[in-house]
Amino acid sequence: MTLNSKIPAGPLETKWEKYKSTCKLVNPANKRQLEVIVIGTGLAGASAAASLGEMGYKVKAFCFQDSPRRAHSIAAQGGINAAKNYQNDGDSTYRLFYDTIKGGDYRSREGNVYRLASVSSNIIDQCVAQGVPFAREYGGLLSNRSFGGTQVQRTFYAAGQTGQQLLIGAYQALERQIALGNVKMYSRHEMLEIVMIDGKARGIIARDLVSGKLERHFGHAVLLCSGGYGNVFYLSTNAMGSNVTAIWKAHKQGAYFGNPCYTQIHPTCIPVSGDHQSKLTLMSESLRNDGRIWVPKEKGDTRKPNEIPEEERDYYLERRYPAFGNLVPRDVASRAAKERCDAGYGVGSSKQAVYLDFASAIMRYGKVEAGKKGVENVDDATIKQMGDEVVKEKYGNLFEMYEKITGEDPYKVPMRIYPAVHYTMGGLWVDYELMTNVPGLYSLGEANFSDHGANRLGASALMQGLADGYFVIPYTLGNNLADDIRTKAIPTDHPAFMAAEKEVSDRINRLMNIKGKESVESFHKRLGKIMWDKCGMARNAKGLQEAIEEIKALRKEFWSNVFIPGDINEYNPELDKAGRVADFIELGELMCVDALHRNESCGGHFREEYQTEDGEALRQDDQYMYVAAWEYKGDSNFELHKEELNYEVVHPSQRSYK
Amino acid sequence: MEHYNMNLTLKVWKQKNKNEKGRFETFNVKNISSEMSFLEMFDVLNEQLVAEGKEPIAFDHDCREGICGMCSMYINGRAHGPWHHTTTCQLHMREYKDGDTIVVEPWRANAFPVIKDLVVDRTSFDRIIQAGGYISVNTGNAVDANALPIDKQRADESFAAATCIGCGACVAACPNASAMLFVSAKVSHLALLPQGEPERKMRVVNMIEQMDKEGFGSCTNIGACEAECPKGISLENIARLNREYIGATFSGSAQHE
Ligand code: SF4
Ligand code: FES
Numbered sequence: 001m002t003l004n005s006k007i008p009a010g011p012l013e014t015k016w017e018k019y020k021s022t023c024k025l026v027n028p029a030n031k032r033q034l035e036v037i038v039i040g041t042g043l044a045g046a047s048a049a050a051s052l053g054e055m056g057y058k059v060k061a062f063c064f065q066d067s068p069r070r071a072h073s074i075a076a077q078g079g080i081n082a083a084k085n086y087q088n089d090g091d092s093t094y095r096l097f098y099d100t101i102k103g104g105d106y107r108s109r110e111g112n113v114y115r116l117a118s119v120s121s122n123i124i125d126q127c128v129a130q131g132v133p134f135a136r137e138y139g140g141l142l143s144n145r146s147f148g149g150t151q152v153q154r155t156f157y158a159a160g161q162t163g164q165q166l167l168i169g170a171y172q173a174l175e176r177q178i179a180l181g182n183v184k185m186y187s188r189h190e191m192l193e194i195v196m197i198d199g200k201a202r203g204i205i206a207r208d209l210v211s212g213k214l215e216r217h218f219g220h221a222v223l224l225c226s227g228g229y230g231n232v233f234y235l236s237t238n239a240m241g242s243n244v245t246a247i248w249k250a251h252k253q254g255a256y257f258g259n260p261c262y263t264q265i266h267p268t269c270i271p272v273s274g275d276h277q278s279k280l281t282l283m284s285e286s287l288r289n290d291g292r293i294w295v296p297k298e299k300g301d302t303r304k305p306n307e308i309p310e311e312e313r314d315y316y317l318e319r320r321y322p323a324f325g326n327l328v329p330r331d332v333a334s335r336a337a338k339e340r341c342d343a344g345y346g347v348g349s350s351k352q353a354v355y356l357d358f359a360s361a362i363m364r365y366g367k368v369e370a371g372k373k374g375v376e377n378v379d380d381a382t383i384k385q386m387g388d389e390v391v392k393e394k395y396g397n398l399f400e401m402y403e404k405i406t407g408e409d410p411y412k413v414p415m416r417i418y419p420a421v422h423y424t425m426g427g428l429w430v431d432y433e434l435m436t437n438v439p440g441l442y443s444l445g446e447a448n449f450s451d452h453g454a455n456r457l458g459a460s461a462l463m464q465g466l467a468d469g470y471f472v473i474p475y476t477l478g479n480n481l482a483d484d485i486r487t488k489a490i491p492t493d494h495p496a497f498m499a500a501e502k503e504v505s506d507r508i509n510r511l512m513n514i515k516g517k518e519s520v521e522s523f524h525k526r527l528g529k530i531m532w533d534k535c536g537m538a539r540n541a542k543g544l545q546e547a548i549e550e551i552k553a554l555r556k557e558f559w560s561n562v563f564i565p566g567d568i569n570e571y572n573p574e575l576d577k578a579g580r581v582a583d584f585i586e587l588g589e590l591m592c593v594d595a596l597h598r599n600e601s602c603g604g605h606f607r608e609e610y611q612t613e614d615g616e617a618l619r620q621d622d623q624y625m626y627v628a629a630w631e632y633k634g635d636s637n638f639e640l641h642k643e644e645l646n647y648e649v650v651h652p653s654q655r656s657y658k
Numbered sequence: 001m002e003h004y005n006m007n008l009t010l011k012v013w014k015q016k017n018k019n020e021k022g023r024f025e026t027f028n029v030k031n032i033s034s035e036m037s038f039l040e041m042f043d044v045l046n047e048q049l050v051a052e053g054k055e056p057i058a059f060d061h062d063c064r065e066g067i068c069g070m071c072s073m074y075i076n077g078r079a080h081g082p083w084h085h086t087t088t089c090q091l092h093m094r095e096y097k098d099g100d101t102i103v104v105e106p107w108r109a110n111a112f113p114v115i116k117d118l119v120v121d122r123t124s125f126d127r128i129i130q131a132g133g134y135i136s137v138n139t140g141n142a143v144d145a146n147a148l149p150i151d152k153q154r155a156d157e158s159f160a161a162a163t164c165i166g167c168g169a170c171v172a173a174c175p176n177a178s179a180m181l182f183v184s185a186k187v188s189h190l191a192l193l194p195q196g197e198p199e200r201k202m203r204v205v206n207m208i209e210q211m212d213k214e215g216f217g218s219c220t221n222i223g224a225c226e227a228e229c230p231k232g233i234s235l236e237n238i239a240r241l242n243r244e245y246i247g248a249t250f251s252g253s254a255q256h257e
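Line order of the protein sequences matches chains U and C.
Under the numbering used here, think of the first position of the first sequence as 1, with each following residue one higher.
Under the numbering used here, think of the first position of the second sequence as 1, with each following residue one higher.
The following block holds chain U by itself, in its conformation from the complex (with noise of 0.2 angstroms):
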C-alpha cells in the first residue's frame, strides 16, 4: 500500500482554507443517523465528542477512569501556545510553524503543522468563550510567557494547571452534550478491539471494568483519542492507567504505527527514590528560567551541596551551551544530565541526579527588592529573605509540591533533578484529515503520529489535543462520511462482531488460565527496565538487538508464568493490567525495532554511533528524511512503509544551542 498523506495542494497557507472550502458536508437530518465512537475523553477525545454533538452526530465516549474529567491532559501544568501576537512581540502563523517544524527536528509534515498553527489562535478564543480561566494583567486583558526558549510571548497560561483548566472546559462542554442526549458517556469502560466489515472499521468491543463484561458498539466511524504510550517504560510521567491499549488493537486490525521511537524525555523531574517508585513527577519546565544545573567537579563527591564552594561545581550546561545556557531544548538537556551521571558525577543517595539551584537567583532578586525599596546595608539574611518572596510568587506551588514528595526545602537546598520519560511522539499514522490507513478508523492528540516530528515544543501538546478535536475532525470527518449516509447502522450481531467479542473473550479467559507465579507489575517493571536501559535516552545498535531478544523472551515467560487473581465477570483491576501489560510487551519490541532501523540520530531519538565531535544529535537527512510507518504482519513481524517528508518552505539545518 503506498501511502498517501492526502495534503492538499497549493501554497502552505492556503491549503486548510481550500480543505475547508471543498470538503463535502453532511445535512443535518444525515448526521442524526451517523454514529461515532470516541475513545478517550482528555482534550482530543472530549474536544471531538462535544463538537460532533454538537453538529448533530450519534456519539459514544469511552473512557477508562471514572469520569471524562480525569484524563491525564490534566496534569499539563505549563501552558498552550497560539499565535496570538498579543503581545506585540513579532508572533505570526508563520513564526510558530517555523519554530514547530524546527523543533521536531525537521521530521514533520510542512502542512500539518501550519494548519496547526494558524488554528492555534481560534483555540484560545474558544477556551475563553467557555469559562477557562486563563490568568489575567490587571488591564484585564490575557496574560503570556514565553516557555521552551522561544523568543516570542506566545504561551497561555492558568498557574501551573492549564491541562487540568483546558480539560475541565472540554468535559463541560461534553457533559453538556450528554444532558442534551447528543452524546452517550461509558465510563470505567476499555476499548479491547477494532470490530472491521467490509475492510471499514465499523465498531468496538468494550469492557465494562466495573462487571466484567464484554459490550459490542457500533459506529460509522471510530476516533481514537487514547493518549501516548510512555508507560511502557514502567516510570514515567503518566497517569498509571495511561496505555496503548486501544492503538496497538488498531495497529494489529491493519493500522500503521509511525516513529514508534520518538520518545521525549523531560529534563526536570524529581528522581527515582527506591524500588518502590511507581511513578515519576515533573517540575515544571519553567523552572529553569531561574534555576542553575550543575554536578560536584569531582567524581562521587558525598559532600553536601551547599558544603561545595562554587569554584568546585561544574555548570555543564552553561559551560557546554555558552548562547542558551539552562535553556537548552529538553532533548539536549536531558541527555547532558544522563551524560554527567553516567561518567560517575551524579548526586543524591542515587547518584542518578543533578542539582537544579536557586540560590543565585534568590540573591539576585533578593538586591533587586533591597533596591526598590531603598534599603542599604542589608545583611545576607535579609536579602536572601526578599528573594525567597519572590521566587515564592513565581514558582511556590511547584516548591510546596517538591517539599511534598521529598522532604526537602529546595529555598535552602538544591532541588535534585533526572530526566523522565514524558510524552511520545509517535502514534498511530494519519493523514491530514486524521484518518488512519484504515478507512472509517481516526486517531487524534497524542495517540497520532503527526504534527511534532522527532521532538515536541513546550506548550505544544495541549494545542494539538485541542486542535484535533475542535477544528479539524469536525471538517474531515464529515469529507468522509457524507460518502456512509446510505450506511445503515450495522446490528451488532452481525458476525464480524461476534467474531470480534469471541477474540477478546479468548484472549481474557487464556489470560486468566496461565495461572502462573509472578506478578503483573513485575513483568511491567522489567520490561521498564529493558526500554529504559536499551531504547531510552541514548540508544545503539547492540544494545537495541539485545533489547529485542530480551522483549521476546519477556514475552513468552509473561504469556506462561503472570498470575492473575480474581475473575473476569467482576472489577478487576489486576486483570486491567495484565492486558495492558500484555500489550505493551509487543509494542517495546516495536520501539526497539523502530529505534535500530533508524540510522541517525535527531530530535529524542539519539543513537550513539550517529553525533557530532562534540555530542550533539546527527541526523541523516539523505537517508532518513521521512516517516517510518510499521505494518503488522503477525508476531514480530513488522513491515516498513516510507512516507517521504517533502520541505517545500522550510529549509532544514543543524540545529545549534552553542
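By construction, these hints were calculated from the structure, which means they are not laboratory data.
Quick caveat, the model's predicted, so the values are computed rather than measured.
In silico lysine to any residue, SDA-like type, Cα no more than 25 angstroms apart, as pairs:
1) K658/U / G325/U
2) K31/U / G140/C
3) K21/C / R108/C
4) K412/U / H85/C
5) K299/U / E2/C
6) K658/U / P296/U
7) K24/U / A142/C
8) K404/U / D43/C
9) K11/C / P565/U
10) K16/C / G516/U
11) K14/C / E570/U
12) K14/C / S211/U
13) K31/U / G478/U
14) K213/U / G53/C
15) K11/C / H276/U
16) K517/U / V44/C
17) K404/U / E2/C
18) K404/U / V44/C
19) K200/U / M55/U
20) K152/C / S143/U
21) K54/C / P565/U
22) K18/C / P565/U
23) K404/U / D98/C
24) K304/U / N5/C
25) K21/C / T9/C
26) K556/U / G53/C
27) K404/U / P82/C
28) K392/U / G407/U
29) K577/U / S560/U
30) K14/C / M512/U
31) K152/C / E137/U
32) K16/C / E570/U
33) K20/U / V143/C
34) K394/U / G325/U
Facing chain U, a subset of chain C residues (Cβ under 7 angstroms, in silico):
35) S33
36) E35
37) M36
38) D62
39) G133
Every residue gets a Cβ at the ideal spot worked out from N, C-alpha and C, and that includes glycine.
Got chain U sorted already, so can you dock chain C with the ligands onto it with the hints?
Quick look at chain C with the ligands alone, frame taken from chain U:
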C-alpha cells in the same frame, strides 16, 4: 532528610461489590520506606497479597500527582489523610512511624455507592455538572479572546474556584454528606465570569435541584469540607452559592429546561 523503614498494621475496608456487606480486614506490611507515597505503600501490600495468591485491595487512583481527583481514601478518620491541602496520592509515609496502625475506609455517602473495597461511584458529580455546570457555547462561535477584558481580581477568584478536582473529599468529610462545596465551586467559577452571566440563574437552580435528587445531604455550616479539601476551596463559595440561589429563586426568572 533522614529516611527510615517501618512496619505497620493496616485495617482496611473490604467489600466485594455494591450489594454485599463489607467489613474491616487487618494486614501487616513490613519494611515500608519513609520515602514512599501512601499509595506506593498500598502497592507493596497488594504485591504481597498477589504473591500469596490473594486478591489485592481495590482503590481508585490515576495521576498520582494530586490533580486528577481520582484517589480517595478515608484515612484514620480523615478524607485524604492528615496532610493539609493534600490528596492521598501526595501523602507520604514519613508521616508515620514504626508500629503505627492505620485505618482506611472508602468515601461514605449515599450518593457515592461502593463499587469494591475502597472504590466508590462518583458519577453523581458528573450528573450535577450535566444539570448546568457549563457555558452553552458551541465550537466555532467564539469572539476574539481579548474582546472582553475581565477584571484580574475576578478572574483570579474564578480560577481559585475552578481548581476543584471533583474528588469528593468534601462529601466524605461532611457528617451530612453534603455536596455544597463542590457545587459552590462550579457555580462560583462560572458566575464570576461575564461569559457565565446569561445562564447564571438557571444554572444554580438546576444544579441544586440535581444535587438534592442524587441524595446528598444538606449543609449545616460545619466547615469540615473546607478543612479537608485538597485544593483549598473556601467556604466563601458556599456563601456565594446561597446568594446566587436566593437571587435566582426570588427574582422568579429562573427556568427549568
Ligand atoms: S471542593 Fe475540594 S474536596 Fe470537594 S470535590 Fe472539589 S476539590 Fe474535592
Ligand atoms: S491519583 Fe490523581 S489526584 Fe490522586
